[in-house]
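Q: Listed below, chain by chain, are the residues.
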Amino acid sequence: MLAVSRELLARIHRDGEEAYPEEGAGFLIGNEGSVVEIFPLPNAREDTARHNRYLITPEDYLKAELTADRLGLSLIGVFHSHPDHPNRPSEFDRDWAQPFFSYIITSVNKGKAIESRSWLLKEDRSEFLEEKIQIK
Amino acid sequence: MPNIRFPALMKYYVDNQSEFYAAGSTVNTLLDNIVTRYPALKTHLFDSNGNLRRHFNIFINGVHLRELNGLETELKEDDKVILMASAAGG
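Taken in sequence, the protein lines are chains V and B.
The first sequence finishes on residue 136 if you use this note's numbering, and the numbering steps up by one all the way, no holes.
The second sequence finishes on residue 1090 if you use this note's numbering, and the numbering steps up by one all the way, no holes.
Next comes chain B alone, as it looks inside the complex (with noise of 0.2 Å):
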């Protein structure tokens, strides 16, 4: 099962947890069970139209999911998933 590590802020939407395991076979069913485990998430990890929100990257094994196939990204049992923000404003 891939394990994923999430920024110090979103701790507290997932049980205080900096990183778990969540079963998926992409990133997309991976985000799935993870907001479906701890729902409260899913406002602030997806934008009203249910994508994932601009200022969240995610790395898989290091690599940023933009250079391999983005949310439908295969996932493997040993793959370490890195949720992390950006700040951004204007």
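Same shape as in the complex, but just chain V (with noise of 0.2 Å):
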């Protein structure tokens, strides 16, 4: 179960909806299943793929978590949006995950975010797992 507070949850969808028709992503920052904050970054993926991918770069990477550090907190996932598309992770997805990361996903129809859900990448990295989001 991941946790997530409403307000969160809203600046999620609205950094979707504001990359929207391109993918919008950042770190989840937080402790034990439990998101403190988030941490918008720009994507870095060549213009002609934002639509349906997005890259964090490794010195984003760095900066994020050295933030956290900062803060006593860890990078504990990944948030990006999905415009026009379920938001159902695709293999694309799983090729790059990480593991114990949270990769919340939000689908944006037409420049509106709908919903967002949750998964983690199995140990074997063969599936995803949905994991509930629990808003607090």
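Think of the hints as simulated: they come from the structure by calculation, not from any bench.
Since the model is a prediction, treat every value here as computed from it, not as a measurement.
Where hints are given, some of them may not hold.
To be verified - Below, a list of computed lysine-lysine pairs in the DSSO-like style, where the Cα atoms sit at most 27 Å apart:
hint : chain 1 : residue 1 : chain 2 : residue 2
1    : B       : Lys1042   : B       : Lys1076
2    : V       : Lys122    : B       : Lys1042
3    : V       : Lys63     : B       : Lys1080
4    : B       : Lys1011   : V       : Lys63
Since each chain comes alone in its own frame, lean on the hints to assemble the complex.
A: Spelled out as structure tokens, the structure:
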């Protein structure tokens, strides 16, 4: 289970809407299955791929990791949006996924964020399992 | 022996260390030695073809491997190796 406040979930939705028709993304910062802060980051993919791909550069990754350290917290996951697409992880998502991270995916239809779901990669990397989002 | 720094997320697989020393005359042999020491790391570090997963980037003394000799880059005793992740999906 991943606990997220209503306010942070609203910010995640807003980030997806602002990025539309491209994918928006960022890190979830927190501890023990609880999101305390989010860290939106630019989508570093090339222009023609940003509608269905996102990339956070190692430099931005490090910046987020240091921010989490400063807050006494950890990076616990990634959020990203799926413009005009269901909020289920793609094969591409699985290919790039990291263990232990929660992956919140928000479907954004015609510019409006509809719903977020969270996913965890299985230890053998064979698939994602859904984890319930608890609004705190 | 080169020093290697791991992303915080991967610490679980390396005895909760963020930095440690490992032997290796090249980046390839260094990674092999690390995976031998921490076998559970293998599937997360390498894909099914044995290639380093694309979301990992390696810097030697601050220089990315692609600007050096890739995984065949030779290492010196006091080199600082940083394994960094990028996040991506679609």
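Q: Is it true that the CA of Lys63/V sits at most 27 Å from the CA of Lys1080/B?
A: holds, 19 Å
Q: Are the Cα positions of Lys1042/B and Lys1076/B separated by 27 Å at most?
A: Within the cut-off at roughly 24 Å; holds.
Q: CA of Lys1011/B to CA of Lys63/V, is that 27 Å or under?
A: holds, 18 Å
Q: Need the status of pair Lys122/V, Lys1042/B: alpha-carbon distance at most 27 Å?
A: holds, 15 Å
When each numbered hint is compared with the structure, no violation occurs for any of them.
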